[in-house]
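Colleague: The listed protein sequences derive, respectively, from chains B and E.
Residue numbering for the first sequence follows my numbering, starting at 1 and increasing by one per position.
Residue numbering for the second sequence follows my numbering, starting at 581 and increasing by one per position.
Because the hints were derived from the structure by calculation, they are not lab data.
The beta-carbon is built from N, C-alpha and C at its ideal position, and this holds for glycine as well.
With a cut-off of at most 25 angstroms between alpha-carbon atoms, the simulated DMTMM-like pairs for lysine to aspartate or glutamate come out as follows:
| hint | chain 1 | residue 1 | chain 2 | residue 2 |
| --- | --- | --- | --- | --- |
| 1 | E | Lys719 | B | Glu212 |
| 2 | B | Lys218 | E | Asp1145 |
| 3 | B | Lys43 | E | Glu882 |
| 4 | B | Lys92 | E | Glu833 |
| 5 | B | Lys91 | E | Glu829 |
| 6 | B | Lys507 | B | Glu442 |
| 7 | E | Lys830 | B | Glu11 |
| 8 | B | Lys261 | E | Asp651 |
| 9 | E | Lys974 | B | Asp213 |
Distance windows between CB atoms, simulated:
| hint | chain 1 | residue 1 | chain 2 | residue 2 | range |
| --- | --- | --- | --- | --- | --- |
| 10 | B | Asp190 | E | Glu1210 | 53 to 63 angstroms |
| 11 | E | Arg1111 | B | Gly553 | 24 to 34 angstroms |
| 12 | B | Ser109 | E | Val611 | 37 to 47 angstroms |
| 13 | E | Ile891 | B | Asn228 | 51 to 61 angstroms |
| 14 | E | Ser935 | B | Asp539 | 53 to 63 angstroms |
| 15 | B | Lys317 | E | Pro1114 | 18 to 28 angstroms |
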Amino acid sequence: MIKKLAKSVGEYKKPAILTPLFVIGEIILEVLIPLLMAELVDKGITEGRMDYILKMGIVLIICAILSMFFGSAAGKTSAVASAGFAKNLRKKMYYNVQTFAFSNIDKFSTASIVTRLTTDVNNVQMAFMMLIRMAVRSPFMLIFSFAFSFKINARLSTVFLIFIPILAAGIILIVSKAHPLFRRVFHTYDHLNSVVEENVRGIRVVKSYIREDHEIEKFGKISKSIYNDFSKAEKTVAFNMPLMQFCVYSCTIIISWVGAKLIVTSGGTDLTTGELMSLFTYTIQILASLMMLSMLFVMMTIAKASGERIVEILEEKGDIANKENPVKTVKDGSITFENVDFAYSKNADKLCLDNVNINIKSGETVGIIGGTGSSKSTFVQLIPRLYDATKGSVKVGGVDVRDYDIESLRDEVAMVLQKNVLFSGTIKENLRWGKADATDEEIEHVCKQAQASEFIEQFPDKYNTYIEQGGSNVSGGQKQRLCIARALLKKPKILILDDSTSAVDTKTDALIRKAFAEEIPDTTKIIIAQRISSVQDADKIIVMNDGKIAEVGTHEELIEKSPIYREVYESQMKGAQDDE
Amino acid sequence: MSNQTAARPMRGPGARGPVGRPDMKINKDTVKRLLGCFKDFKFHMIFVAIFIILSASASVLSALFLETLIDDYITPLLGTSGTEGFHDLFMALVKMACIYAVGALSGLFYNRIMASVSQGILKNIRDKMFSHMQTLPIKYFDTHTFGDTMSYYTNDTDTLRQMISQSVPQAMNSIVSILAIFISMLRQSIWLTLFVLLFLVLILRIIKFIGGKSSTYFVRQQHSLGDVNGYIEEMINGQRVVKVFCHEEKAKEDFDKKNDELCKNMTKANTYGNILMPLLNNLGYALYVAIAILGGVLAIKEVPNLSITGIDTLTLGTIASFLTLSRSFVMPISQVSQQINSIAMAIAGAERIFSLIDEEPEADNGYVTLVNAKYDENGNITESTERTGQWAWKHPHGDGTLTYAPLKGNVVLDDVDFEYEEGKPVLHNISLYAEPGQKIAFVGATGAGKTTITNLINRFYDIADGKIRYDGININKIKKADLRRSMGIVLQDVNLFTGTVMDNIRYGKLDATDEECINAAKLANADSFIRMLPQGYNTVLSGDGGGLSQGQRQLISIARAAVADPPVMILDEATSSIDTRTEAIVQRGMDALMHGRTVFVIAHRLSTVKNSDVIMVLDHGRIIERGSHEKLIAEKGKYYQLYTGAFELE
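With the rest of the complex left out, here is chain E (with noise of 0.2 angstroms):
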């Protein structure tokens, strides 16, 4: 997986992907991508949308009633004793316990549907991110770190479901308020309203400002909790090494600099963040002076009051309602503002997830496909929906016909040149051709270009020139699926995942049986070390296969590709680990199984490509040398030279 990265692009110290950068721009098709993420869920939040105007209403109807309680009710009361206006107030409370009833229920409605709605949207961008993290080509992982990869599943959802489960609702119900209010204000005085819209204006714009600030600050603060944890987990990771070397103190160094960066952005983050609250609040609190001051001048100098509802004089009760008025309309409004950071910040990690799922998946134009082939009695393929053991290439040509051509395993590389970046070409005219039932090796100085040779047959990468021919056919022409389902690759670097042994050396043939699992085991002369783990093959391996040794892990590995059973196999250094005994040993059965067929080998150990047909030396890009291991040894050339270059130590 690492020879051939020599030639990638080495990015500078500060090159860490696209995590938030501190600059604050709200993208408008961001928001307006976020916002089609709802699409799916339109019925819930045209429910939802209901449910939270009746809530508020109900809520803004609450405060409206407990203005007429005392003027409608209580006070025409007072004096009399007698009970029929009791009634009246009986049925007023009545009316008001329903409409509560009401709003309490919706309450709970909207809230209800909204976890779904919330989850159903984070697990849907949850899928599509993860899938179309399938279909990206290998070159995005070997230019893209681990960490920020993760950070998309991680924080980056994080802030989404925060946005989504909270901010929106809250949003919804805080425009519905304030649209209500601002009605009934309308309805007291105009005159007042256009005041309270002009403190409005002032409020939004210290909203603005501090809220800016805050969610300058809280970009930033994730950026360096990025950076903090990217460096916690890449030290923890190499924790072994930095205790080998005594190293602890420099890794406490560095990381307390990073440490007290992200404490001061932070800090500066949650204050502009917890500043907005009081200040808006007591701001709320001028405006009753404000407009107790107004409305008191305007009465006093009997001022002819416009409302929608007409023209009348501004009476006293009528600026005592408003001013509890202006109370419930600045509530809302702060009550947003507390959102501004979340929605910031989810923003910006919307942003990110677009940009993954924006990433251009792999290409594939192929159209030629491997199908189960039949044999009749004159010779000819057909296709066959079982699992007949034989393969066939399906080629749809373009006048319509179809023609199958037998899956032998024959590959030839033509005049390929190839570069991983531009400029810098690490393979120069390789031209080679192999039989099946061939084993091809690789030799060569680590960078020589053995392993990206593999990259290109399999296309994990696509040649820059020359052509590839696969029994026959251009590659580009197979599906790539079709293509890598039949090759079985052994990387050096094995990568197990968590399950258990057998569900590991499953995943070459998801529908192998317990027994060809087991053969396959025995195969790679992994058996008998995993019938001594504790639960034998139903052993867990959790954390990349743990506690085995690199060799164990190789071992299972090429279990997992001889369960495959593929006509091409390429091994990639892939019993370097192993002790050359038990490489023999393992050699052979794969020589058994893989008989008839083509292996692609690498290795620098001399004593694994020796009984091969071929040895290709390759040095900076190119073959420089071909033929068996005796012809190369009679040539006493480089291979000659590598090869007793064990030898001559004494």
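So that you can see chain B by itself, here it is in the shape it has in the complex (with noise of 0.2 angstroms):
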């Protein structure tokens, strides 16, 4: 994991190495200006040598400068290696989120890669700063100041040797009871935003059923043990800075006893005043760095999990992938499905396609209808190879879809999703998706085909009007005439809308799909709709019922032939042929 993260450090390789480095300058001048005060009191100050006071002071304040040096230079680079690091970080797995299948996508689900690319990400970069000025600095500062102690009085300095393990068992004792309980709150937390999050996107159903007590109790419920988990874990961790002073003040007292007897019987040779108040400097900065240490492996510990979870995004690898020499060109729009089964996971009992087979021709209109649930959307996503067929093979343009180039598959095959999306930005941007360059003209007439431009003139901004977030600023027939201008913009050799014009009215509709008719009559247009009037002037229909194409043929072969047609036909048509 370590080593896969560590990749992402990339260009900020220099500042990330030279950090530990300044922090290495910092301790040394940390360590030595001490001593150096010692000598300014014990040679200075006590004999009243101004002289002394003076040269010394000059060379503390040059120490004092220097180690200003280090310390600001280990900040700046330790803060741009960090920055860096999670840019990076944040930058590859975004990226690789763009190579995953819609497969992969429901493996994470959505919330969760935006949970990794964010909070996982903040905490790895907060532990990697911890690393590169902590991790450097703890460990030297536990030897330079045992080393130093060690030369002062080696049998005093045992006492370190009892209390160093005695600390160490307790820290590891108080993690290991804090930290299954910070994962668990974590894991609290995510159920927490999902709670807010469905409240929020469903605050008409909760008002209109008058659940908003039921859903603060909801919330409550798990806003309560968040409490009790956060304050259990932090109270474990309440343990660690008793526990430190314990430590740090069992050893001043020891050292204040054995030290102020060894002074007295040996007459001041075997350790002198001076060196015994260096002792308690040192006592603080050895357990000190080893509490730091702790705390270094308890920010470790917490990232280990972030990190993991970001692993698994990084590692992920998007299960439709080019072939080695893929096909570039899409030659015509025909489709052939052969003996295709899907099922959306391997261990599914049921079979969501099961052997479908049919010829498309390019250029043809293809209408399909269906039940809810009869696979309809599932059938089209697999000419895209938005998912890949589980068994058989599906065709566009004579050549199995796996062996193109997905890019240029997708750029031909243009799909109208049922859960549509536009983006924060003006309706331009939003249809310059379909291409970049298109120009203004260009942009108008597909609006017209896609009879989107009255509307969109009739906006202040016309254009260049803002979309919210999630087009929440349009209506929902609006917002489905303008995934299809996108989709028309691409110029696609497959168009498939995927009861794309549900919202729109039958007027509407029958006024796009006569431009389609007469402006782009050599695209293969697939139609998934509900409305017989959608699909009925089509060339070819299908009639699709749980998993299987349950009967193909026009609209009056279908009315013969098709009982499942007819009655779907007869329950849309039966008031206006009494009329008739």
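With the hints as a guide, bring both chains together as one complex.
Modeller: Shown next as structure tokens:
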């Protein structure tokens, strides 16, 4: 995991390596300065030698300036390195997500990908900054201080050998107790967020069923469990500081007692009073760096979970990838399904598509009709290779879709999804998704085809109208038409509309189809619809039922031979026929 | 849900809500309110304060003790071989051990109490935010982006957590230490203390400068973090569209721009943040040297020393211990300065949180309530405490009398005007009446105002002019909760909640039995597909019902409304994604359920509305035609055009 993450340091290797070097410089001075200070007091002040005070003062100031330099430099390089690391990490993940197939997105769920890209990256970044600054600082501090204290008096320094294990054991105990709690807290946080999310998105449902109290109760329960776990975890961690104090204080008292005896019995030869004072300083430095190490350890374990989640994203291979030497051009808009089976998950006991066979000629208009859950969407999603068939083969232009360069394939197969999305930005910007360099004329042209120009012209800013995130400021029908225009701009060989005019009134719907027939006659058009009127003039209508193609034919043929189709037709047309 | 939204205010690209503005201004009121959050934990905080004082005093005493250890205990013993001197030392060490024990235990206590306090405060704030959010009008949710609302619960609460659980105790601890050391310094020498104070002014200026810079960038960093996170969220949510359009490269490009910006701000913020500590520490050394020199000069010149214990001469011993004190004095100051960023961010976060809590709740001046009704033998209505299946409006009058009117489902709109945004009317002079048992349909182009009318009937929005009466009562007089309880709404965009299918259906009526839920599902024709799910009714839906198709979700939402069994039902494109065959079955079921009750139907699919009693054709916020299907067809107006439009393709 570390290896995988470390790769993201990338071009920030230099500051990442410089930081610990600067930190070492800072530490050397930090250990040196107290010694100089002791000198200044012992030889300067106590003996009242002004010249010595001045001399040592200058040396000290120089050291302080150096130390300030090292410290600031380390601060700066660590900031550069960690921010850069986070940037690279975020970028790598984001880029990799761009290679994900639909099935990968299904696997992680959108919300979880978002958390990994945001919260988890932040955690790891914090840990990284700690790591390059502290991971060097604490051990070095520990070693230097320990070495100096041993030099002063080895016998006295053995006291540290007793307390370091005690402190270490204590810390390990605390961390091992607290860690699972923290993990649980973070898990509950996810839960809390999802409750808020659902509540905000479904606020109309909440309000119309007057379920505010129910929601508050639901939220309260989770909030309470966060409170319980988090305060328990923090209470466990609260032992850290006192444990540390206990060790420092114990060492101080033992050193005082043994040290005093040593000074007195040896008459100050084995140990001087100044040295005793230094030992106290080292006590704090040794144990504090150990404490630091433990904090680092805790940070790392918290970050570890995040790191793992990040690596999962980094390591996830897009289920759908280009073959070697892929076919780059799509000959025409013909589509063939040969014995195609499909299931969303490998161990699903029911197939979503079961032995589907169909031949669609280039330029044909094909309607698809079928009940809710009859796998209409699944069927068409295989054409631009949003999913791979579990068995059998899907061919476009006579070539298996798996042999195409994905981008070339999808450029020629435009699909308007059922759950479609507009992005924050102007209408023009949104439409240009279809073709980045589209001229204004082209844009207006496709909007006319999609019957969107009329309402766009009514906006005060026309094509520059700003679309809110998720397209919340245009109506469902308007959104659908914009999405169709966006797809048309691609000038695809195959155009798939997955129930994309459901919120558009019948008349507009008819106009759109008329425009299709007149303007893009060579494009294969596949239209999934609920309304018979949307498909009845198609060259071919596929009736789907329960993952299978129940019947294929023209409107007239199907009225004759397909009971499902007839029933659907009658349910929609009865009133009209009575009137006519 | 989104049908009327064309009229909503359009916000420019820069308007991303009140995400932390880059300017750094600490609002005093925010700080005051933040402190107010500690109110519920007064006793806790008193104990915390006591323990912090004890703990900080112990560490100050410890520093002072080490001073005296050598001068008072060890030096006198030097040269003597007597063991009785060790007795004093032993006693002193025992005394210190006790003080240490108190200090360490106090540290443990306040840390543990603080854990409860900080988590308790956060819980209160979270709960308050959420429950307040439930009272906000729909308008709030229509005009705020989802990401903004989410960040109250994530980023902003998190900044508060950092501040309360770390910065506050740290600051308290440091202040106590600073005070204690300050007093000790005064005991040593007032002159030198004055000098330290002078130096302190310099230190504070530096803290203010660098700290200010760093806070500015930290707030800016939060801002771009929000920006990046928002972008990630939008893109990942639209990832499927990105894929379909092979828009990956462009998506990367925009992302890189934002990501670089974030990196820049983050680097600056952290640089300033990281520099502060070494700067202050080393200034501390400079102070040390300065005191040594000054003290040396004073001592050599034999300037009389002034301290709060009296006047004497400045001894070298005094200078030595003063030097040590000055070290302990600078330490807590630089520790506090480390907290500046987290405090600045927390205050910015708190400001946003308070802005949510201050958001005006949905006004409700209604006093007419819905009660369970019972009829006595004379046919008069009396209120009942148990569920009778019959409902009545309880209407208290100004003169103190109470009247009961049966709930029928009679809805009248009288000359209603409405606008979402001033100057942009959406509905004009809408008048209509719906008798109980009638099915009223609204037809019209998208944006004609169909959904808006239903938004007004259940008071998601309040009308600008005109009157809406429900069973003869002005709906403004009816308590909103009771008004809404009497209506079921099924919307086009289905929102399901994490939980089992059964839980989701039961959302309509929390005390419904499994059997009632299953019956409702059967009525909505959802039973068969639900049974095909891996765990049937116990299948857990997550992520807004992810695995289900739009049509299946609609069926579940219809079942949810059916189980609520309301006297008035509003179906807003409720069956738009359901195939017509299934729709016909569902409709039969619904008709049976709603027999004798009022139903409003909005649909563009005319087959859905054909069998309605009255069909209203809306155009640009006006009703242009009304009547039964037959009548409208015979009139050969707009409805006729719409209707036949579906057939004139050849």
